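As they're listed, the protein sequences go chains V and F.
Heads up: the first sequence begins at 1 in UniProt numbering, then just goes up one per residue.
Heads up: the second sequence begins at 1 in UniProt numbering, then just goes up one per residue.
Source of the hints: derived by calculation from the structure; they are not laboratory data.
Relax, there's no trap hidden among the hints.
Put simply, identical chains are the same to the list, so a pair is met inside one copy or across any two.
Lysine-lysine pairs mimicking DSS-like chemistry, simulated, CA-CA at most 25 Å apart: (1) K39 to K20; (2) K197 to K170; (3) K170 to K130; (4) K39 to K130; (5) K20 to K40.
Quick caveat: nothing in here was measured; it's all calculated off a predicted structure.
In case you want the letters, here they are:
Protein chains: 2
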Amino acid sequence: MANRAVAGPEVERLIQLLAKLPGLGPRSARRAALHLIKKKDQLLVPLAQAMGVAVDRVTVCQTCGTVDTCDPCTICSDPRRDTATIVVVEDVSDLWALERAGALNCRYHVLGGTLSPLDGIGPDDLTIDKLIERVAAGDVSEIVLAVNATVEGQTTAHYITDRLRGMDVKVTRLAHGVPVGGELDYLDEGTLVQALKARTSF
Amino acid sequence: MANRAVAGPEVERLIQLLAKLPGLGPRSARRAALHLIKKKDQLLVPLAQAMGVAVDRVTVCQTCGTVDTCDPCTICSDPRRDTATIVVVEDVSDLWALERAGALNCRYHVLGGTLSPLDGIGPDDLTIDKLIERVAAGDVSEIVLAVNATVEGQTTAHYITDRLRGMDVKVTRLAHGVPVGGELDYLDEGTLVQALKARTSF
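Work out the full structure: start from the sequences and follow the hints.
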């Protein structure tokens with residue numbers, strides 16, 4: 001009895017698909033579906049349209065690998081951005097996170113993952129060749145390796161550094177240290193060691 | 001700098017609309033949008049279609065007031081359901097919650113809210129007249145008032161009971177008591193008083 005349909009299969013299907021979104025479970029998906037149905041004109045219709053537009057228009061930038069509705073993407077085609085600095089990230093979500101921080105007026109390169117021999121992900125599965133091409137085309141003076149501080153991320157960073165050796169480009173990486181607002185007591189030893197090693201004058 | 005567009009306006013609009021869903025904030029809406037874009041064929045396309053279908057097909061049942069893709073709704077047109085019992089709820093979400101519990105094989109009546117003179121909501125703004133009509137048409141032996149245990153819910157329950165007086169129908173309400181799995185220490189005095197008053201033999 002517990003899983004009887006409370007509405008037609010169309011509504012059930014909407015709930016099931018919403019439940020696949022990150023952050024929504026089966027219960028909150030029901031609430032979201034009902035909210036959408038109740039706010040049909042204000043929310044359901046525009047959201048259905050926005051998704052239709054996304055289906056038709058969203059593409060992957062052939063230069064940097066981010067997702068956008070134009071190719072080259074908004075960032076790659078922005079003339080006000082510094083073309084000499086390329087920040088290398090694993091995923092589009094990392095690019096978005098760095099853009100939210102807004103610290104650099106740079107361009108990006110999305111690798112599409114990290115090297116992971118155990119999962120069968122080698123250099124050819126990432127956009128590393130394209131990155132080398134961008135550097136070889138000149139005009140780039142610094143590559144910032146903004147990969148995650150995981151084993152796979154660091155392995156990928158080392159591989160890219162090797163590939164870039166001999167090219168006229170500075171390779172940097174993100175600083176390790178104490179997160180802003182973080183409490184020392186909750187930090188792991190590795191982070192504390194890095195934060196002490198890289199201490200700066202106050 | 002912090003709010004620079006990271007992708008075209010179409011993607012930003014999708015994120016803004018997703019952020020309006022209950023359970024999703026601005027940050028999780030970004031994650032959801034990226035998830036949708038990455039899983040274009042598995043999720044974005046079917047979800048856009050499901051929403052389109054919902055826009056076209058979802059309607060309000062003219063009998064009970066729930067939302068469904070057919071009218072009369074799946075529940076009202078189900079011949080296996082007991083037509084003699086009508087469970088009265090404030091909102092479609094309450095109907096769905098009761099159906100999840102699956103305790104009664106009944107029909108429902110969605111009021112569309114509660115009486116609230118301060119907010120200008122009177123009997124004509126709810127579907128109370130339609131409920132009276134359903135009872136007057138005969139065939140109904142019990143009305144279960146499954147309204148919320150709030151002041152407005154109880155006021156509405158009393159009003160409906162008054163309107164049903166003199167009609168050949170039993171009016172019942174949900175039991176008050178300790179929630180299953182609940183700890184007495186965290187319960188309010190009102191609930192404890194009701195639970196003690198309605199104690200049953202063990």
